[in-house]
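With the hints as extra help, turn the sequences into a complete structure.
Protein chains: 2
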Amino acid sequence: MRSGSETSMTYQAPVDDIVFALKTAAGLDDLLQRGLYVGLDADTIGAVIEEAGKFGAEVLAPLNASGDKVGSKFTDSAVTTPPGFRDAYRQFAEGGWSSLPCAETFGGQGLPQIVSAAVGEIWNASNVSFGLCPLLTQGAIHAIEAGSSDAIKAKYLPKMVAGTWTGTMNLTEPHAGSDLGPLSTRAEPQSDGTYRITGTKIFITYGEHDMAENIIHLVLARLPNAPAGTRGISLFLVPKFLVHDDGSLGGRNDVVCAGIEHKLGIMASPTCVMKFGEKGGATGYLIGEENRGLATMFVMMNAARLGVGLQGVGVAERATQQAIAYARERRQGKSFTHNGSGASPIIEHADVRRMLLTMKAMTQAARMICFATARELDIAHLSNVDAERKAALDKAALLTPLAKAFSTDIANEVASLGIQVHGGMGFIEETGAAQYLRDARILPIYEGTNGIQAIDLVTRKLPLQGGAVVASYLAELADVIASVRVSNRPEFGSMAQRLTEALTGLQCATLWMGLNLKSKPEAAHASATPYLRLMSLTAGGTYLAKGALSEDAASPRVAVARFFAENLLTEAAGLAESVQNGADSVLIDAHGALFA
Amino acid sequence: MRSGSETSMTYQAPVDDIVFALKTAAGLDDLLQRGLYVGLDADTIGAVIEEAGKFGAEVLAPLNASGDKVGSKFTDSAVTTPPGFRDAYRQFAEGGWSSLPCAETFGGQGLPQIVSAAVGEIWNASNVSFGLCPLLTQGAIHAIEAGSSDAIKAKYLPKMVAGTWTGTMNLTEPHAGSDLGPLSTRAEPQSDGTYRITGTKIFITYGEHDMAENIIHLVLARLPNAPAGTRGISLFLVPKFLVHDDGSLGGRNDVVCAGIEHKLGIMASPTCVMKFGEKGGATGYLIGEENRGLATMFVMMNAARLGVGLQGVGVAERATQQAIAYARERRQGKSFTHNGSGASPIIEHADVRRMLLTMKAMTQAARMICFATARELDIAHLSNVDAERKAALDKAALLTPLAKAFSTDIANEVASLGIQVHGGMGFIEETGAAQYLRDARILPIYEGTNGIQAIDLVTRKLPLQGGAVVASYLAELADVIASVRVSNRPEFGSMAQRLTEALTGLQCATLWMGLNLKSKPEAAHASATPYLRLMSLTAGGTYLAKGALSEDAASPRVAVARFFAENLLTEAAGLAESVQNGADSVLIDAHGALFA
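Those sequence lines, one after another, are chains A and B. If you use UniProt numbering, the first sequence closes out at 596, no skipped numbers anywhere. If you use UniProt numbering, the second sequence closes out at 596, no skipped numbers anywhere.
To be clear, the hints were calculated from the coordinates, so they are not data collected in a lab. Every value quoted in this text rests on a predicted model; they were computed, and no experiment measured them. Don't take every hint at face value.
Same chains, same names: a pair is fine if it fits in one copy or spans any two.
In the BS3-like style, the derived pairs of lysine-lysine whose C-alpha atoms are separated by at most 27 angstroms in a straight line are [to be verified]:
1. Lys54 - Lys159
2. Lys23 - Lys54
3. Lys159 - Lys73
4. Lys155 - Lys275
5. Lys520 - Lys334
6. Lys334 - Lys518
Structure below.
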């Protein structure tokens with residue numbers, strides 16, 4: 001056996017785990033009982049996820065390895081996606097998957113965020129390069145919905161919702177990445193109310209491709225005499241092909257792809273350099289108000305951040321499935337529980353079990369955090385109680401950096417463990433395990449690096465409502481942990497104790513942040529990353545424990561929750577220590593002598 | 001600036017850090033004072049390292065990215081290494097670098113292990129694909145020295161020592177990897193005292209290439225009627241070209257390369273499938289006793305394990321250097337310490353500093369552990385006091401799994417952080433940061449996976465001398481920590497407290513291992529990996545602290561040691577907790593229902 005067998009590379013959507021996570025972390029039954037999802041019930045939601053699982057497994061997953069091998073190709077400003085992608089995208093659109101979360105006004109199905117999150121995991125587990133295209137289109141739709149005139153909405157959204165056209169986000173320039181302040185793409189107002197856009201954008205995912213009739217670019221640019229920095233940035237819609245008033249396609253706009261990047265992973269997804277206005281200026285339409293483009297773009301980015309978190313969950317799930325399948329097949333040595341002749345499947349070896357359990361537990365914890373975030377977005381969107389909407393929006397804001405950063409960090413850890421489980425075969429590309437790590441490696445970087453997520457959490461999210469948002473969330477976790485403690489179930493091992501310690505650490509670290517944010521802001525920045533990890537581990541462990549409370553003693557979910565508490569959550573106390581006492585040593589010698 | 005600039009991809013050997021680590025962790029001055037290294041002094045050693053640094057930076061490092069891009073090519077049983085490799089290898093041999101650590105009897109320079117370790121780091125930092133060739137040749141030389149007749153030594157060693165011929169280790173077969181018991185390559189004794197070798201080996205590094213006149217394969221095979229399992233394995237020397245008694249090359253032996261692997265990394269290093277005896281049997285010569293081949297091979301593997309650990313240190317050092325250089329150049333946002341207009345270099349941002357410090361501190365800690373291991377190998381080899389030699393051999397045995405596993409684990413963590421520091425550019429191959437991660441990913445797998453290292457540490461090394469070896473090592477660490485505590489230096493922050501907690505955790509975990517190894521061996525296996533990490537962090541933190549004790553308050557070494565204690569060693573208590581209370585939850589449901 002030289003390679004990952006067909007079996008071990010097959011993806012099967014973990015529908016039961018997904019539904020369980022929706023019930024546990026997203027409180028699905030509660031949401032349904034509140035009447036939040038008109039016309040929907042748990043069975044329908046389950047059926048949608050089941051269907052998505054089939055589509056992902058049958059149509060998208062088989063293109064994952066071949067898409068990686070062939071990659072998208074660039075010739076003369078055109079991009080050719082790998083064989084099968086075009087047809088898969090057509091089926092995706094025809095199957096109604098692109099319209100699933102969109103507003104019914106524009107032809108969408110109006111399904112809630114929790115369903116969108118569930119199927120988003122599936123698309124990305126099946127094929128993260130493919131999944132990026134609808135993820136970005138979705139983000140563009142959100143931004144247009146949030147900021148456009150009715151005329152623009154009517155002209156562009158129905159085709160984008162239907163998946164006939166796709167969307168992109170054009171933010172980054174060579175000197176403007178994490179900090180968009182210095183971006184220099186220009187927009188000149190024209191007498192007809194349009195703008196001429198000129199500039200170069202880099203790292204534009206699906207900036208050019210052959211899967212859709214048109215591509216709708218959302219572009220950050222600067223008006224003449226706009227204020228410097230981020231307060232002088234406006235957002236424009238720039239279609240690849242101009243669109244007539246009747247919706248038919250007109251001539252080619254002045255925007256071209258100048259090349260695609262040679263990357264570590266997500267090979268099938270073209271990462272484009274886009275040139276706007278090489279022939280005088282691309283025609284653009286203002287979205288939202290002048291100089292307020294970043295606010296609208298943030299609407300899009302926040303949704304996309306949860307989407308990227310779900311990419312992490314998806315890749316982690318896929319890597320875990322393949323590692324488990326391989327560990328069942330591969331035989332080496334004799335385990336303690338082995339009897340009979342011949343070698344044991346390596347899944348029986350304790351150290352391999354530790355790796356597989358780590359993969360499984362981390363993946364499930366990240367999924368729970370992402371779904372909990374989606375729940376709040378649904379309440380924020382659908383509740384008819386003002387205070388509920390506001391509270392949910394704040395809680396979603398608090399959880400979004402966790403969903404993005406933790407899920408994508410663990411995606412890398414899990415994918416790396418997946419390679420390790422395969423031994424030497426893991427390093428051979430045909431096995432498929434290495435691709436997950438290569439694909440996962442971009443996730444902590446794009447849509448705001450994980451360092452920026454941590455700083456966002458600490459500096460913008462902890463202060464929400466004077467700290468009441470985080471306090472309320474910690475109280476919610478404390479309630480679950482109290483239930484675990486009083487349940488006193490022997491099969492929980494020391495779960496209650498580990499959770500309590502972690503929460504105590506998180507409480508102290510949160511207090512420390514509160515005390516230092518204003519007086520020692522640089523120290524708060526220095527401790528942001530361990531703080532985010534601490535909060536994520538505590539939240540993830542608590543969600544897993546909440547799930548375990550509803551299961552019987554022999555349930556694998558109990559075993560995973562206990563493993564998480566006893567082997568992964570043990571990191572929490574040390575993280576709390578680093579947050580509170582580690583910042584000074586990060587900042588010593590801040591002017592560079594240390595790195596001389 | 002689109003790519004890692006020339007500056008940021010340049011490697012400069014960290015000669016000062018290497019010499020400092022030799023003084024601190026290897027106790028260089030003490031070894032010199034003992035008269036262990038006849039004819040050597042600190043200046044000479046420093047000069048050798050300096051020269052190696054030049055050779056690495058000037059000859060090997062420039063081939064690292066191009067070697068990755070082009071890779072080794074396979075055509076018709078021949079392997080062509082990337083442009084420049086052949087010539088670089090010739091210069092390497094001519095410069096005397098291949099003979100550096102070898103016995104003078106066969107033309108070597110007889111330099112000690114600590115020097116070999118220092119230059120080994122440099123070769124691998126410069127070019128890990130290149131570094132593998134001398135690493136394996138060195139291992140083959142050791143095995144031949146340890147097990148061969150004088151005639152074989154005289155015939156093969158001088159050319160191998162000179163670097164004219166290279167060596168390989170042929171262990172793995174498709175069904176025999178971590179467990180060599182089932183290997184099925186056969187060896188038939190011939191009337192002339194030679195053996196006919198028949199079988200297929202996989203994952204043979206530099207099994208075929210164009211850099212040397214001959215390749216000396218060391219091959220594990222099974223004699224007819226040999227006992228089953230690992231007690232029936234013998235070791236054979238199988239040259240690519242047969243060698244006449246006068247040392248000149250004869251005809252081609254019956255061994256061919258049948259292909260090379262398409263891998264995630266170390267692209268320039270050919271990983272070969274080797275076929276022995278397709279035309280009736282390759283001629284082989286027995287090394288050591290019949291059926292005792294594994295014992296001799298372990299001589300080779302133990303040396304190679306330290307060598308692989310140093311590959312980890314090398315890759316980590318290179319990734320750290322590039323990340324620091326990039327973080328100095330790249331400007332985004334304004335740091336707290338920034339004044340003036342324009343953006344700050346990202347090295348001023350606290351979260352970037354945390355990443356860079358983590359990279360630097362982990363790399364230095366791993367280097368210290370590797371050099372401490374090399375020290376013991378030198379005493380074991382060179383002391384004229386029996387008891388000293390024995391004690392050093394045991395201590396080297398204890399430290400080798402740490403040197404291998406910890407250094408290679410952190411190499412992956414550091415390389416991944418290096419990508420993160422580069423942001424989006426890190427994901428673009430031309431930047432060079434991604435290669436370090438791709439190259440590093442094999443290190444925790446080959447020469448015994450890191451899981452196997454952990455089990456080796458726990459099941460074979462902790463019981464050495466009834467536990468006295470580990471007890472003595474913990475006492476050695478405790479002495480340093482006591483000095484840190486009594487020094488009471490304010491610039492040490494909470495270093496003493498963190499070290500004391502870590503050591504306490506390690507002591508408890510070691511006691512737990514001692515109590516459980518026999519009564520609950522599967523639990524000991526389950527906790528082996530966190531135990532190895534705990535011991536490595538404690539050892540690494542202690543060596544860094546020992547170094548800090550000899551430095552003044554403003555020294556960057558003090559800052560790094562303190563950062564390590566306050567931000568990385570904080571993981572120790574949680575690891576100790578997992579070791580002692582986490583094993584049960586690894587083992588629950590051991591028959592597979594959990595992974596249904």
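Output the numbers, in ascending order, of every earlier hint that fails for this structure. Checked against the structure, no hint fails, so every one of them is satisfied.
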